[in-house]
Structures are given as structure tokens and as C-alpha cells.
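**Q** Please model the entire structure based on the sequences and the hints provided.
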Amino acid sequence: MAIEVRALTKTFTTGRRRTRRTVEAVRGISFSVEPGERLAYIGPNGAGKSTSIKILTGILHPTSGDATVLGIVPWEQRKRLAARIGTLFGQRSLLWAELSSRQSYRMLAAIYGLSRDEERARVGELGELLDAADLMDQPVRTLSLGQRMRCELAAFLLHRPEVLFLDEPTIGLDLLAKQRFRELLVRINEEQGTTVFLTSHDVADIEHVAERAIVINHGTVIHDAPVAAMRRTLLATKLIEVGLDDHAPIEVPALPGVTVVERTDLALRLVVDTTTTSVRTVLDALLTGTTTTDISVVDPPLEQVIAEIYERPAS
Amino acid sequence: MTAAERRAVRVAFAIAARRTLADPGGLVVSGVFYLIVVSALSAVWRVAADANGGALVGYSAAALTWYIATSESVTISLNIRMIGDLGEDIGSGVVAVELLRPASVLWIRVASELGRAAARLVVIGPAGVGVAALTVGRPPSWPAVALAVPAMALALTANVIAQHAFAASAFWLRNATTAWFLYQKLVFVLGGMLIPLEVFPGWLEAVARALPFQAMAYAPARIAAGHAEPLLLVGQMAWIAGLALAARAVFRMGERRLQVVGG
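Top to bottom, those sequences are chains A and B. Okay, so the first sequence: first residue is -5 according to our numbering, each after it adds one. Okay, so the second sequence: first residue is 22 according to our numbering, each after it adds one.
Errors might be hidden in some of the hints.
[Stated by the list, open to error] Partial chain B-side listing against chain A, Cβ under 8 Å, derived:
1) 28
2) 82
3) 112
4) 114
5) 124
If you're looking for bench data, these hints aren't it; they were derived computationally from the structure. We treat Cβ as the ideally placed atom computed from N, Cα and C, and that holds for glycine.
**A** Next comes the structure, spelled out in C-alpha cells:
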């Protein structure tokens, strides 16, 4: 296993004396991640995601429970683990602002024990991969966010980490930069078998990068399944989009569990609760009662799926 | 420390030094500030020595000028915001991210600050020699000047390590401003940066000699003022060892706290 977590708990104590209270940020979480898997570890703010990542990277001790990353107990052998993993916090830079990226890589290469030749070869390789070679000699503080992110990624990947921990990595990036970033993560995973452990509030990150999603809330795992299956298995609703002939009368089927979400002269959008009425029943009613030009049945957006999962009460 | 960590420390030192030397503006500002301070303070001490028959507590007017030129050079070469910066980095979580690297946060930071200070000293040191030579002529003793060079390097080292030990209070207090304020005053006065320790009343001199701050300014300054006393270097080295152990212990406790309560 790349990551193995068993009954992990982290409790924080806040305040002093009378106002002292205990907060359970992580409550008995268990899961495992196979080598080469791309996992999204998601949840609303305050769910315990960052706390979990900090424990798994060794910068936070758990209150109880066990965890290993690449067979290493993170909080017991932080430095040994650090040499084999990469951690990227979207709002924290891996580079030294006053140095150029190349100087930062020099520092990081020394820290990670890369020889000068290995460092030069790897920086050249990453410069090409990330299209960042031209940016590496500029002081980091003069780079735009998108440019800096490319240089950050090179720093993140410099030592060929076996597991990548990414906490909100695309925050603040423009659409194109986000897209490039996601493609790159998938490419690295596919070419090098690197395990990806991703936390993000951006549903597109989850959709385009992750194969599996673990959803946590109130410090516990509330869902663990392949991303592709999330929509199908989690929501008992389907969205039916109907194209209509211009000005033709619309017969909305009066069926239980069918709600009209949009209605114009040319289109009708219905949400069907499939626990009450099957999609087939609704389609039959539509085809007999309305002059349709087009019909499509789609899963609700992943965003909606995730929002519904978040709203589930903690067990 | 592993071989990779030692190399990382050397690289941190070299990069910081090169970066500082590549910023002539910053060096000029430090140099000008240094020249103003040394000119003013040494003039005050020369007046005091002249009023006292040409010497003060065993230092001639010329020796006092060399004393101030040295004590100021090893102090002004340092990053004045070192404690504040480190405190801020501890409070804001930057240090927590540094823990994600397989290297010592403390020694990489110490090496960077020392690289920066060493580069400044390379510029400020000759400026000090120039201003002292122009004002009072050649130094009281050439062997003492030769001994002052390693003493200055040791002074910078002791100071940087001690500042990190003080700044580590931010692991608990989340703010190192108080530590910075206190530390600065201790070096200025009890470290002998402004005043040779022999000027103090006996009890205060004894206190100052028993504290590490004298290794950071007084020791190299007294040597440059003509007292080629190798024991001062031995004392500096002992203080560096002690301060390094203290800084490492405080940092370990601080890191441990960060790992338990979060950053």
C-alpha cells in the first residue's frame, strides 16, 4: 500500500482555562491507497482534510491511530519520508521568493541529496515538461501566479517523489493553467506510477484528476468510491433535457417525483427522483404528450453530488 | 547531520552570500549607515579618552576607534529583522512547510543568515578598516588584527545562532517582537557593542562577561583594539557550542509543539 490509515484521530485543545474546549478535527479515519492511485480527498471547510494531510506528511502528530506512507510512520520518521514524497500546499510556496527558481532548485537538490549532474538533468527535464525553462532565472517574486505555479511544480517534482500530496493546488490559477496542471498530474501518474493524493474544492480538479474520491466531513469518512460511480450511485435523481418544437404545447407529465427546473418555448428541463418514478415512465409520458425534437438524460453535475454528500449528517 | 544536510547547509550559505553581493543597493545602504554610526560613536569615545588623559579603562583613543569599527561591523552586517522574520514565519506556518523537507529547518536558516552576514562583512569590514585608519592611523597591533578576523566570523556565528534560539519563542508566543526588543538591547549594552565591558561597574562587567552576548561584539572588538588574546576566541567557540545546543533543543521542542498543536 502507498498509504495506510487506521482509526486516525486528532484532537486540538483551544482556549485557556474556562474557555478551553476540545475539537476533534479527525475522528477515527481509516482508508488505504494503492500505489499509483489518483485519490481525491474532499470535504467542506473544517472537515479535517488539511489536518489529515499534515499527519500523513509528518508535520502533525495524531492523537491516536496508525498511519504509514510508503511503509513509513510519518510523524516518527518525518525527514526519511520527506525525501520520498512531494507536498504542495496551494497557498504556500516551495520556492524562496528572493531567489530565482533555479537557485531554489539548487537548494532543494542539495536538501534532497541530488548531485549537481542529477540536478541539472532533472531541472532541464522539468523545464521542458512544464514549459518553464525561460522562467527559471527570474526572481520568484516577479513571476505571475500561473508562471510561479509552473516553477513550484518543478520544485515539487524535482526529487521524483513517489507520493504527491496536493492541498488546493489550483487555487488562484486561471482556467487554462488549471487545465494544464490537471493534465500534467495525470501524465506524471500514468508515466511514472506516482500516487496522487489530492484535496480540492474545485470539482473540475476531482473530475479530471481523481479516479477515486474519499469524502470526509466532521472528521470522519462519509463516502469512499470511484469518482465515475459517484453520480450514478449516490444520487437518486436524473436530469432530463427535452428540446421542443417552436411554440408547440407542452404537456408536462404530472407524475410524482418529477420537478420542472426550466421551461421555455424551446426547452424543458426536468429533475426526476428515480426512487419514486422511473426515467422510462417519464420518457414514455414525454414522448406521447409532447412534440419533442431531442431528449437527453444526464446525471446531475458532480458539484451537486458532492454538495448532497456534504449535507449528510455525521454518523 | 547527514552528508546531504551538510551540503544543503553549505549551499544555503553560498546562495545567500551570492544573493547579498548581487544587491549593491542594499550593501551601499548598510555601508553608509555603518560609516555614520562608526564616525559618530568613535568621535564620542575619542573625546572621552582625551578628557581622561588620552586613555579610558586601558584603551587609547585610537584603540577605541578600532574597537567601535569592529563591534559595529559585526553587528550591522546582520539582518536586523532576523528574529522578527523568523517569528513571523513560525506564526504564519512557513516553518511548518519547511518541516516537509528532509533537512534541518534551524541549520538551513542559520546558514542562510550567516551567508548574508558574511557577504555584508566582506564589504563593511574593509570600510571599517578604512575609516579607522583614516581617523586614527594604523591599528594598535597587526597580530591582533589578524586574530580579529576569525573572531569576527565567530561573533557573527554566535549572534545568528543566539537570535534563532530567541526567535524560537514564537513557537509558543506566536510573536517574537518582545524577544527581538530584549535581544537587541542585550547585545548593544551587555554585548559591548557600544561600550567596552571594562567601562561598566565591576558587578555589571562580571554579569556581562558571564553572558554569551560579549562573544558577539566585545570579543572581536577588544582583539582588534590591540589585545591579541586567543582565550577570547576559545570563549567564543565555547559559547557557539553552547548556543548551538540550546538553539537545537529549543527548535526541537518548538517543532514538536508545532507537530502536536498544529501550525
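**Q** Does the CB of residue 82 (chain B) sit less than 8 Å away from some CB of chain A?
**A** Violated, because the Cβ-Cβ distance from residue 82 (chain B) to chain A comes to roughly 42 Å (cut-off 8 Å).
**Q** Against chain A, run the beta carbon of residue 28 (chain B) and see if the smallest gap drops under 8 Å.
**A** holds, 5 Å
**Q** Is the interface hint satisfied for residue 114 (chain B)? The criterion is a beta-carbon contact with chain A at less than 8 Å.
**A** holds, 7 Å
**Q** Hint validation: residue 112 (chain B) versus chain A, beta carbon distance must be below 8 Å. Holds or violated?
**A** violated, 14 Å
**Q** Do the numbers back the hint for residue 124 (chain B), that is, is its least Cβ distance to chain A under 8 Å?
**A** holds, 4 Å
Of the numbered hints listed earlier, those contradicted by the structure are 2, 3.
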